[in-house]
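J.: Residues per chain, in single letters:
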Amino acid sequence: MWPYLHLGPLALRLPGLLWLVGLWLGLEAASRQATRLRLSGERLTNMVLWALGGGVVAARLGYALHYPQAFLQAPLSLLALNPQTLEPTIGGLAALLVAVAYGQRHRLPLRPTLDALAPGFLVLAFFGALANASSGDAYGQPTTLPWGIELWGARRHPTQFYDALLTAALLLWLWRATQHPRGDGAGFLQAVGGLAAIRLFTEAFRGDSLTLGGGVRLAQVMAAAVLLAVVALYPYWRERGAPATPQGKGDARPRDRND
Amino acid sequence: MSAPLKFRFPAAGSRGHLGLWLAVALAAMGWIALTRAPAPGHGGPPPAPRTGFSAPDFTLPTVQGDPIALHNLRGKVVVLNFWATWCGPCAAEMPTLQRVYADQHDQGLEILAVTVENSPAALQAYAQQHGLTFPLLIDAQAQVSRRYRVQATPSTYFIDRRGVIRWVVFGGPMSEALVRSKVETLLQEKP
Chain A
-5 MWPYLHLGPL ALRLPGLLWL VGLWLGLEAA SRQATRLRLS GERLTNMVLW
45 ALGGGVVAAR LGYALHYPQA FLQAPLSLLA LNPQTLEPTI GGLAALLVAV
95 AYGQRHRLPL RPTLDALAPG FLVLAFFGAL ANASSGDAYG QPTTLPWGIE
145 LWGARRHPTQ FYDALLTAAL LLWLWRATQH PRGDGAGFLQ AVGGLAAIRL
195 FTEAFRGDSL TLGGGVRLAQ VMAAAVLLAV VALYPYWRER GAPATPQGKG
245 DARPRDRND
Chain B
422 MSAPLKFRFP AAGSRGHLGL WLAVALAAMG WIALTRAPAP GHGGPPPAPR
472 TGFSAPDFTL PTVQGDPIAL HNLRGKVVVL NFWATWCGPC AAEMPTLQRV
522 YADQHDQGLE ILAVTVENSP AALQAYAQQH GLTFPLLIDA QAQVSRRYRV
572 QATPSTYFID RRGVIRWVVF GGPMSEALVR SKVETLLQEK P
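Protein chains in written order, with the working numbering: chain A, -5 to 253; chain B, 422 to 612.
Same shape as in the complex, but just chain B (with noise of 0.2 Å):
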């Protein structure tokens, strides 16, 4: 019976060693040319809630009644809250959110904050009471929030101008330089 065949590494400097760096050169560069990426596909990436996804598409209605729907909203940098009123976190970030969108509005930003109580009356009345100016959208049976996979509040997704969601924070509440630094990036990218 023949001994089981052990590899010994080559001496240093030896002409087995160059041998061998050679071997694994030539392999690293083959299995790297031979798994390169695919092309992106035509379209966009499809839709999903994560980084890199396009944002999956919905419409909803504001406090007031109105549906906005996302797809309205191409063009302008999103920020999507999910939130609830009893979420102290999300009552946290509230007023960071508001001033971000006092500030940058005009520059193309949108803030949705997305919430599963329906309660317009109150709703209205907590928008008031903290000043808030951005929509507030109701998600009364939840289909957005599932669609998001969203399983805690807050979470938040920043969502670029071609609709791609490029950051997603889970939990909070988020520091405001996190809020303008992430907006700043997005509203400096061309349409």
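Chain A extracted, bound-state conformation (with noise of 0.2 Å):
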């Protein structure tokens, strides 16, 4: 694990820097996607931040609520620059809603915008699995393989490597693959239902899973209630084409949707 880059008397941590580049190619990803889908870039960057920018002020005030007399004692830090006094849970679904909101007051068609949105959590997801190799987190079983990593005094599975691979062969096959997405939303299920799979799997190798009864890993039963979901829903989509947006009903070759 590598959680410094040290640049003379200063020390960056590392797995911080990489979630930002992700962000940021995530974003940029996300924004050529929309391009081709004849949305908004712009339109569809200012909603991710907006969502990010809500979701991080609720999580702060969901970790502040948590603990009310903390920050009574010392409300200053509810300014404080620290992510560890952030609530993921409630930031995550804030995030949504003001995405939500987003899309619906500029109109932004749902399924087309999902499509777009899908390279970017690729992404993303990869960078994720990089700043994990990076800082030592979501480490492997003890495993006598020879590619076998040492970390956390043991040989272990790097499974931060397995993430990381399996995101980069799902995102060059879904970029292939839409190289003229129909903006009917199943691209963003190819890549959700890919994403739940290479969960689904690779969790098997974690050594810090949260288990339910009987070692029965939690992130995998999601993983794979998710990916049932995505096989339900896919052929509907797929099967609807894109949503008709104010310019007309949309599939093959979409028409500019939010001038």
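Treat the hints as calculated values from the structure; they're not laboratory data. Take these hints with a grain of salt, some might be off.
[Unchecked claim] Here are the computed distance ranges between Cβ atoms for each label pair:
1) A:V51 x B:Q549: 39 to 45 Å
2) B:Q528 x A:A223: 44 to 50 Å
3) B:P510 x A:W44: 29 to 35 Å
Predicted model, so just to flag it, every value in this text is computed and none were measured. The C-beta atom is built at its ideal place from N, Cα and C for all residues, glycine as well.
Put the two chains together into one complex; each comes in its own frame, and the hints tell you how they fit.
T.: This is the structure:
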């Protein structure tokens, strides 16, 4: 693991930098896909940034509500730059709500927008896996396999690299498969289903899984549920084509959607 | 030569669709059952400087020369802070650590501030100047810093009553609410 990037006297946290690069490149990929789908890349970027901002604010407030005494004694801590005082579930839900509100206000069509975001999700997931490799998070079980890596006192499955490689392969496949995206949401479902399948597979080699009873891994159960939802929904979205937009019904080659 | 096989997703609501869904469900359940996590071994997690592992043990002298061993603090909540006098963020979070220590020490909180600076007199003067009452430990050979893989200061480890690292915070300064919330959570856990 390489948690720091040393630049002279400066020691920069590499995982944080990788997440930022992932966000930036993910936004770039989503913006390009939006252009292919005749959506406004600028609006898509704004939607993501608003969602991020709203998510961070809600995550901090959610954490403060969980520990009111700590924040009443030090109210300025609400503004501190500590990611450890964020409540991720509340933040994620708030980000989703803000994105939906922004999309409705600017009349972004749902399924084409999701299709545009799909490569961005994958790019972010790829850099997230690299960030985990850098910090040593999401580490694997001990193994005797020759490609095991020394980490946290044992030779372990390099699960972070399993995730990174499989996500990169999924991204390349999806990018080639959607050279002419239809905007029917199929690309988004492929990305989400692919990520769920990857998690279902690689979680099996993790050494830090949260478990339900009997050693059943929580992340695998959730990934399986998402994968099954995708398999159920995919042909319905695929067959109905792109949804109607103010500019007319879209399918094979959508027209400008939000000029 | 036969044409390459190409997967065609079954039509919505067809028997093929239902069959595919069931096949995926069965495969997923089988994989989940096959790859269940092994039961945790006896004696707790092995030592490693990261969340979920036992905090690596050490014994270091305070600036007054009294040795403090981490294993002797089992049953207490320990905040292990690696710092340096020349480090700005470290200095910024010291008053926070002192306030929390003053409030929670009686409830079972220990704060250990470890530095590689081998100048007890200067460190004692620093502690007096900033009103620090928690132990300042000297890691003159940097052995403990290496064992905890400290590459930058401040680095802070929140250790529970069983001696397991629960959170690691790299960099700083930590907000007071951050320290209080983590300590509060750990103090509420039964010894």
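J.: The structure should be examined with respect to each hint, and the outcome stated for every one.
T.: Checked hints:
1. In this structure the supplied range 39 to 45 Å holds for V51 of chain A paired with Q549 of chain B, their Cβ-Cβ distance being about 41 Å.
2. At roughly 46 Å, the beta carbons of Q528 of chain B and A223 of chain A sit within the given window of 44 to 50 Å.
3. A hinted range of 29 to 35 Å for the beta carbons of P510 of chain B and W44 of chain A is consistent with their spacing of about 31 Å.
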